[in-house]
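Participant: Sequence:
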Amino acid sequence: MGRSLGNNTSSDESLTVRDNRTGKTYTVPMAATLRDDYSIKDNTISATAFKAIAAPLKPGEREENETPKGLRVSDKGFLNTAVIQSQITYIDGDAGVLRYRGYPIEELAQHSTHLETAYLLIYGTLPSERQLRLFEDEITSHSFVHADAEHFFRSFRYDAHPMAILTSAFAYLGSYYSEANPSLQGQRLFTAGDKASLENMDRQIFRIIGKATTLAAMAYRVRQGREFVIPPAGLSYTGQFLYQMDHLGQKDYKPSPVLEKALDVLFLLHADHELNASCTTVLQTGSSLVDPYSAIAAGCASLYGPLHAGIAGGANEAVIRMLISIGGPENVPAFLDAVKRREKVLSGFGHRVYKTSDPRSFIIRKTADEVFKVTGKDELLETAMALHDAAIKDEYFVKRRLAPNVDFWSGLIYRAMAHWRQMMLQEGGVKIWRPRQVYVGSTKRDYVPIGERPVVRGLKVEPSPVPHSGISKRTELARFAGKSKL
Numbered sequence: 001m002g003r004s005l006g007n008n009t010s011s012d013e014s015l016t017v018r019d020n021r022t023g024k025t026y027t028v029p030m031a032a033t034l035r036d037d038y039s040i041k042d043n044t045i046s047a048t049a050f051k052a053i054a055a056p057l058k059p060g061e062r063e064e065n066e067t068p069k070g071l072r073v074s075d076k077g078f079l080n081t082a083v084i085q086s087q088i089t090y091i092d093g094d095a096g097v098l099r100y101r102g103y104p105i106e107e108l109a110q111h112s113t114h115l116e117t118a119y120l121l122i123y124g125t126l127p128s129e130r131q132l133r134l135f136e137d138e139i140t141s142h143s144f145v146h147a148d149a150e151h152f153f154r155s156f157r158y159d160a161h162p163m164a165i166l167t168s169a170f171a172y173l174g175s176y177y178s179e180a181n182p183s184l185q186g187q188r189l190f191t192a193g194d195k196a197s198l199e200n201m202d203r204q205i206f207r208i209i210g211k212a213t214t215l216a217a218m219a220y221r222v223r224q225g226r227e228f229v230i231p232p233a234g235l236s237y238t239g240q241f242l243y244q245m246d247h248l249g250q251k252d253y254k255p256s257p258v259l260e261k262a263l264d265v266l267f268l269l270h271a272d273h274e275l276n277a278s279c280t281t282v283l284q285t286g287s288s289l290v291d292p293y294s295a296i297a298a299g300c301a302s303l304y305g306p307l308h309a310g311i312a313g314g315a316n317e318a319v320i321r322m323l324i325s326i327g328g329p330e331n332v333p334a335f336l337d338a339v340k341r342r343e344k345v346l347s348g349f350g351h352r353v354y355k356t357s358d359p360r361s362f363i364i365r366k367t368a369d370e371v372f373k374v375t376g377k378d379e380l381l382e383t384a385m386a387l388h389d390a391a392i393k394d395e396y397f398v399k400r401r402l403a404p405n406v407d408f409w410s411g412l413i414y415r416a417m418a419h420w421r422q423m424m425l426q427e428g429g430v431k432i433w434r435p436r437q438v439y440v441g442s443t444k445r446d447y448v449p450i451g452e453r454p455v456v457r458g459l460k461v462e463p464s465p466v467p468h469s470g471i472s473k474r475t476e477l478a479r480f481a482g483k484s485k486l
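Numbering (the UniProt record's numbering), first residue to last: 1 to 486.
It is possible that part of the hints are untrue.
To be verified - Calculated lysine-lysine pairs in the DSS-like style (CA-CA distance at most 25 Å, straight line):
#  : residue 1 : residue 2
1  : K393      : K366
2  : K76       : K431
3  : K373      : K261
4  : K444      : K393
5  : K340      : K261
6  : K344      : K393
7  : K58       : K24
8  : K340      : K399
9  : K393      : K377
10 : K251      : K261
11 : K76       : K51
12 : K254      : K444
13 : K366      : K377
14 : K483      : K473
15 : K261      : K76
16 : K69       : K344
17 : K261      : K366
18 : K483      : K51
19 : K431      : K444
20 : K58       : K444
21 : K444      : K51
22 : K460      : K483
23 : K51       : K24
24 : K195      : K393
25 : K76       : K366
26 : K399      : K69
27 : K399      : K344
As the list claims (entries may be wrong) - Derived Cβ-Cβ restraints for the label pairs, each shown as a range:
#  : residue 1 : residue 2 : range
28 : Q437      : G458      : 16 to 26 Å
29 : G327      : E61       : 20 to 30 Å
30 : R154      : S442      : 28 to 38 Å
31 : R474      : L79       : 46 to 56 Å
32 : S288      : V448      : 30 to 40 Å
33 : F228      : H111      : 32 to 42 Å
34 : T375      : G70       : 51 to 61 Å
35 : K431      : V461      : 32 to 42 Å
36 : R154      : G305      : 36 to 46 Å
37 : V290      : G234      : 53 to 63 Å
38 : Q110      : L79       : 24 to 34 Å
39 : E274      : Q110      : 15 to 25 Å
It should be emphasised that the hints constitute simulated quantities derived from the structure, not laboratory data.
Here a beta-carbon is modelled for each residue, glycine too, at the ideal position from N, C-alpha and C.
Just need the whole structure built from these sequences, with the hints factored in.
Facilitator: Printed below as a string of structure tokens:
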């Protein structure tokens with residue numbers, strides 16, 4: 001018995017699936033139409049096509065498997081799941097290729113600037129001189145924050161991590177702009193696609209990109225115990241950022257042009273990387289039509305993690321901590337032996353997408369050399385060089401394709417609006433991202449009164465005891481109204 005899951009197509013334009021549980025054959029069409037939920041488009045197939053492949057429950061099978069409701073696609077970590085159509089970034093991990101809107105990253109790093117590349121990513125084309133000047137002016141003019149922001153930043157502990165501050169700051173920023181909140185202004189605030197909607201969207205893009213460096217600089221200066229610096233006029237985007245971080249009142253202060261250019265290249269290289277964890281988090285959060293500031297805050301939280309690459313990603317920090325722990329070039333062989341024994345973690349090598357070298361690592365290596373010409377070698381550079389040279393020649397790491405990635409070098413020198421805008425304007429509107437799960441927990445069971453329950457103990461199945469201060473212990477021994485007798 002055969003069943004078609006879509007429009008009639010010739011045999012060479014369809015996928016035939018036989019369910020050996022039932023003997024049924026299903027035909028999934030490859031003829032693509034954007035509105036066809038069961039179509040193959042650009043070498044992809046909709047996972048919902050498999051919902052039609054159903055079977056009755058086998059004797060003794062758990063009803064939670066939902067077998068009669070159709071197959072589910074299991075893809076832990078989204079290793080082979082496409083969730084959106086995009087025109088922004090192309091990555092060929094096997095060949096080590098990265099292109100923004102079709103332009104090789106190597107050409108953009110050599111000829112473009114971060115803001116010009118940001119324009120390309122967001123709007124789809126390289127700008128004219130007038131368009132770029134307008135874009136740059138809007139972003140720099142939106143770099144200022146409300147005076148109340150100083151009180152917000154000062155409310156953090158002196159040793160708060162800058163990424164924790166920055167994550168909070170973006171969410172805080174959204175409270176100032178009610179016109180950017182679909183919960184207050186209506187669901188079609190950013191999805192209408194008309195002139196007013198696009199202008200509103202652009203205003204938020206200018207604000208987020210413009211204020212991002214200001215917020216980051218303020219977070220940095222909290223850690224340094226310094227007063228905040230108002231964004232200066234007349235400097236580039238990265239020059240303005242360096243000024244806000246480092247200016248201590250010197251007259252006519254201007255950051256080093258070498259460092260300014262290097263940081264601009266780093267921003268450009270990290271401007272987009274397809275659907276990495278932070279970008280996916282922004283889109284997942286944004287799919288509920290929350291305001292863009294809250295979506296970016298969620299992305300910052302994802303970026304904070306030690307597995308995430310990026311300028312502010314935890315992976316950069318992990319590389320620095322690793323190099324410090326090694327101690328010197330002479331300790332590299334012993335460290336690599338410990339990595340092979342799985343006693344140590346090698347940070348900055350290998351990549352989830354790239355199976356050969358990360359193309360950005362070569363550009364950053366060159367940029368690092370230019371920076372060290374004016375700054376002198378970083379105290380960790382000799383260790384990094386020894387580790388790099390040893391690892392790329394070691395058969396253990398070569399066999400496992402553990403080449404240096406972008407984090408290995410970028411951490412020694414010092415993303416997501418395009419995808420959000422694209423999702424808001426996609427054909428058919430925004431659908432909230434709601435992945436499925438495979439439930440493997442208990443089947444249906446009856447509630448047991450507390451006095452009749454067996455005691456279940458174990459490391460993972462009961463709360464861990466937490467030690468408290470002396471005053472808490474004394475309070476536990478005291479008697480007072482409302483105190484629990486348990």
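Participant: Confirm or reject each hint.
Facilitator: We went through each hint and held it up to the structure:
1. K393 to K366: 20 Å, holds
2. K76 to K431: Status holds; Cα separation ~21 Å.
3. K373 to K261: 14 Å, holds
4. K444 to K393: 56 Å, violated
5. K340 to K261: Roughly 38 Å between the alpha carbons, so the hint for K340 and K261 is violated.
6. K344 to K393: 19 Å, holds
7. K58 to K24: Roughly 16 Å separates the two Cα atoms, so the pair holds.
8. K340 to K399: Answer holds: K340 to K399 is near 12 Å, not above 25 Å.
9. K393 to K377: 23 Å, holds
10. K251 to K261: Given pair K251, K261 holds - Cα atoms ~22 Å apart, limit 25 Å.
11. K76 to K51: Within the cut-off at roughly 18 Å; holds.
12. K254 to K444: Roughly 68 Å separates the two Cα atoms, so the pair is violated.
13. K366 to K377: 14 Å, holds
14. K483 to K473: 14 Å, holds
15. K261 to K76: The given pair, whose Cα atoms are some 40 Å apart, is violated under the 25 Å limit.
16. K69 to K344: Judged against 25 Å, a Cα distance of about 46 Å means the pair is violated.
17. K261 to K366: 12 Å, holds
18. K483 to K51: 53 Å, violated
19. K431 to K444: Not OK: K431 and K444 at ~32 Å, beyond 25 Å, violated.
20. K58 to K444: Holds, because 18 Å separates the two Cα atoms, which is no more than 25 Å.
21. K444 to K51: 24 Å, holds
22. K460 to K483: With a Cα-Cα distance of about 28 Å, the restraint between K460 and K483 is violated, given a limit of 25 Å.
23. K51 to K24: 14 Å, holds
24. K195 to K393: Distance of about 56 Å is beyond 25 Å: violated.
25. K76 to K366: 36 Å, violated
26. K399 to K69: Status violated; Cα separation ~43 Å.
27. K399 to K344: 18 Å, holds
28. Q437 to G458: 16 to 26 Å: Holds, at about 23 Å.
29. G327 to E61: 20 to 30 Å: 57 Å, violated
30. R154 to S442: 28 to 38 Å: 49 Å, violated
31. R474 to L79: 46 to 56 Å: 53 Å, holds
32. S288 to V448: 30 to 40 Å: 37 Å, holds
33. F228 to H111: 32 to 42 Å: 35 Å, holds
34. T375 to G70: 51 to 61 Å: Holds, at about 60 Å.
35. K431 to V461: 32 to 42 Å: 37 Å, holds
36. R154 to G305: 36 to 46 Å: 27 Å, violated
37. V290 to G234: 53 to 63 Å: Given about 36 Å between the Cβ atoms, the range is violated.
38. Q110 to L79: 24 to 34 Å: At 33 Å between Cβs, range holds.
39. E274 to Q110: 15 to 25 Å: 22 Å, holds
Consistency with the previously given hints fails for numbers 4, 5, 12, 15, 16, 18, 19, 22, 24, 25, 26, 29, 30, 36 and 37, ordered from lowest to highest.
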